[in-house]
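Chemist: These are the residues of each chain, in order.
There are 2 protein chains.
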Amino acid sequence: MPSYTAPIKDFQFVLHDVLQMEKMSNQLGFTDASRDVVDAVLEEGGKFMSEVTAPLNRVGDLEGCKWENGVVTTPTGFKEAYEKYCEAGWGALTAEEKYGGQGLPHVLGIAMAEIQSSANMAFAMYPGLTHGAYEALLRHGSEEQKDKYLPNMASGKWTGTMNLTEPHCGTDLGLMRTKAEPQADGSYLITGTKIFISAGEHDMAENIIHLVLAKIPGGPEGIKGVSLFLVPKFMVNDDGSLGARNGVSCGSIEHKMGIHGNSTCVLNYDNAKGWLVGQMHKGMQAMFVMMNAARLGVGVQGLSQAEVAYQNALTYANDRLQGRSITGTKAPEKPADPIIVHPDIRRMLMTIKAFTEGSRALALWTGIELDIAAKHPDEQRRQEADDLVAFLTPMVKAYMTDYGYQCATMAQQVYGGHGYIAEWGMEQFVRDARIAMIYEGANGIQALDLVGRKLPTGIGRLARRFFHPVSAFIEDKMMDPGIGKDYVMPLAKAFARLQTATAVVSERGMKNPDEAGAASWDYLNLFALVALGFMWARMAEVAKQKLAEGGGDKDFYETKLVTARFFMDRMLPDTAAQLAKIQAGAESTMMLKAANF
Amino acid sequence: MPSYTAPIKDFQFVLHDVLQMEKMSNQLGFTDASRDVVDAVLEEGGKFMSEVTAPLNRVGDLEGCKWENGVVTTPTGFKEAYEKYCEAGWGALTAEEKYGGQGLPHVLGIAMAEIQSSANMAFAMYPGLTHGAYEALLRHGSEEQKDKYLPNMASGKWTGTMNLTEPHCGTDLGLMRTKAEPQADGSYLITGTKIFISAGEHDMAENIIHLVLAKIPGGPEGIKGVSLFLVPKFMVNDDGSLGARNGVSCGSIEHKMGIHGNSTCVLNYDNAKGWLVGQMHKGMQAMFVMMNAARLGVGVQGLSQAEVAYQNALTYANDRLQGRSITGTKAPEKPADPIIVHPDIRRMLMTIKAFTEGSRALALWTGIELDIAAKHPDEQRRQEADDLVAFLTPMVKAYMTDYGYQCATMAQQVYGGHGYIAEWGMEQFVRDARIAMIYEGANGIQALDLVGRKLPTGIGRLARRFFHPVSAFIEDKMMDPGIGKDYVMPLAKAFARLQTATAVVSERGMKNPDEAGAASWDYLNLFALVALGFMWARMAEVAKQKLAEGGGDKDFYETKLVTARFFMDRMLPDTAAQLAKIQAGAESTMMLKAANF
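Chains as they are written, first to last, in the numbering used here: chain A, 1 to 597; chain B, 1 to 597.
Everything labelled a hint here was simulated from the structure, so no lab data went into it.
Which copy is meant is left open, so a pair is good if it fits within one copy or across any two.
Straight-line distance between alpha carbons at most 25 Å, and here's what the computed SDA-like set of lysine to any residue pairs gives:
hint, residue 1, residue 2
1, K330, F597
2, K84, P151
3, K493, A580
4, K66, A422
Kindly generate the complete structure, drawing on both the sequences and the hints.
Modeler: Okay, here's the thing in structure tokens:
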């Protein structure tokens, strides 16, 4: 069975040494987020997930959730583990102190989200969705709603969901049919069918707070007539006790490729009582709060599966004896060399390593900016951070899930035939990782969001929040004797390609939107490689400094430098191909009549 | 549920118009392989597989094989479908007439293998493995063995297997422990455990002929002491009737990520009676016959899953209404446009289409050369063909399975959330496709075979069999007004990169084998794109000719030209990145100590 150990040292390196989190925490008034506290949370969290939720990962896959007459039973051990999880306070980490949370920075929440997903992605989704619903209510709910629901959501006593998709509409929510009839008492009666509702019904919490998109009859057509509603599974009395069952029921659960431990529900709303959250017909705005946080979280899921798959593939590569090194026997005392001596096994391991460590830095950088956007005293700085997060989010979601899946597949490949056998657990990582490319906006939608919405915003204002620091870094460090040649030069080359691609996409896209659309996928991936290259160059710089200072873990910093080199040598060159594809234009993509495919 | 229709028209285009199969058939004495016969086989075969085996694909996945006390039961309907399959003579297509076969060319067998695998990969493996065992016996068995076993294997009455892997050895067969003790009567008693034996035990045929690698005690150490044995499940009497059960039993079957309908067995040999096939200690040579044919077949499996996934994704893309085209509404009469209007959906469909059609042409070209290698009257031409097949095989196997898996994943992506739900059948294609990257030599092994064995053979003799025709084609057609600029120029650019890469890999690899090893994966993929580019340029040439001639299916040829352009525009540029990665060298791949990963 696979095992998992949280990569604490790498989190510490990125948070403390590269991103200087403590400085940010002080600026933003996170007085409880000292370096010691952060380290303790990571260590305790890592320990808890390794010991409590990771051992349930395979059980969850094998048993799946069971549906009987509307009642959903989670796999053996899930309910008990969730109780421990709530007791230990893991759900409340970043929630407001006012609502019983620990008020820690979001960036720490993102680190913990990675750890939780690596340990058990299906399990982690229950509190993950609750967190998303909590955030949406926090920002858009009334004070009364917040007081009534947030404390129990922060603690995890109640879980949350997001209800968007219907059988005939996923991406295009304007086609939505679920309706909300206003009642005399200010509430609404919700009727309709929602599908693909993760954690929509289960036995782990005493109540479930559904956030549901629906249309108020008579409102504007399409997406502009969609509103957000809070619909509890059980009505909540004024004293906080639970009342009658509401008119929402689980019609069935899906049989899926993976994340079997999470219930994916069809929810039938039949005159279910709900309350408007935020403004009428502004449901999408409120939902987007949830979706943006969720997209970052989903990106981290991709990373998480690559990380846990990597850890196990590495163990296997050191244990499995097969063949001899092509440069001569390395383990003469054994019947064969461990397969980690073989260059192609190393290619796969190094690729995953460069991806996970680079992506981790990128996700945590985004997380820091998320905290700055929420709490920085300077409005200008808040806006800058908000812009940057908006620009990075679709890329983080799509690239990290797409490449995370590929890396999980690579890690499985290291096992040879054993990777295909369920007992080894590697194929589950691949199956679980696969969903992250689809939900919270399929990756193609992320690419379109990037080039169609984020890139043009403010005539490139969002893009400049990323381009400027990268450009400044390159200018500053290009001639640096330590990192200039090996790390900054390759980044500069890739960045120039991104600049060219940006001009091409913007200019052609103005004349013909299909040009931007057909380039969007390659553009997103080119952007992602530059962003990872930026993180790797910054990590190389810090590693060089640490080595020059002496002391500390020399092997760790030297390994960082080698991995950075590998990224520059063997992954960043894809930017050349991506630019060429973008420059080739949309014609051959768009030319065929649908009937001629 | 997904459906499947054999792409007959595309097979005909490649076989008749591009590869001019009829000319080859006449040269090689395949008098029964007229154009009409080939067309009839493809059409009847396509019909049979669509109607008989394709409907069992999901049943096979859901039920899987069952093991009880050594007895394996295949999924509902498999046994009956296999009876029909044998009755219709599909197993005997390319088998020798002497043994009751139809004596048709191998290239037609490869076309049918694609069709069979698209329809039901798990099912197709039963006759597929029988075919491999048939070929090995045909080439290396004694006349007596051939007369005794081949007729029933050709008809499919008995199935075959190949037994290589043991728990501690897969790639490195020198570590093998299964032993074969010589007996006074000339037979051997085989004892040992084999794992991952596809179709190793089942209820579809009355007998199973196992080909088993084992070591004769006292023979040379390692791989040089391995011999091949024929071990029937039931002893075969001299009159052809079945005798006693042999000492081979199925200890268990594996729970796998996919191909659930095929039994993957642990086979325990306990003093099982077997007979030497071919020469003592030369088992690997005999097995390689089977493995090379099998590798081509496995490459085609990758293609087959991409093809069937594409067909269904295309239907979905035309049916599913979601959003409006970014260049303006295309279906005003509908609530939304079909998603095929969206550029990124097209990018995915075009990518799969360019892959499947290019790969099909490549596989069939290899198949034609396989026939030439076996039957051409001129020895020199036979050797050339044999060289070319040897050079192409590892690339066909690795590239077509790796990219086939990626394409199946892309097709699944077209479905959005529904792609993740088992009922739609898309996720099965992905899971089934995954194994093809692993078995018959994991893809990394193929890459090593290519750069470590095939490339240096005869100081580049094998490579020249590919390089020369490509180079001649480019020289000849570079200035062609019809195809020069759009199709031959991009090919020439990519081919120059392959030539550079070949020099780099050869020169550096001589000094340090790890350089070749670390470059092998990128080299294989660069080679594959050039090979596909060659096929696309040739197909474009034929399409242009056909259009100039007038008549025929204009849409079909114009679509070929657009797809060729898409390949040149959006897929071939990857060669730039692959060359850059190869040029970057092995250092960062090989530098880390195993403990520092």
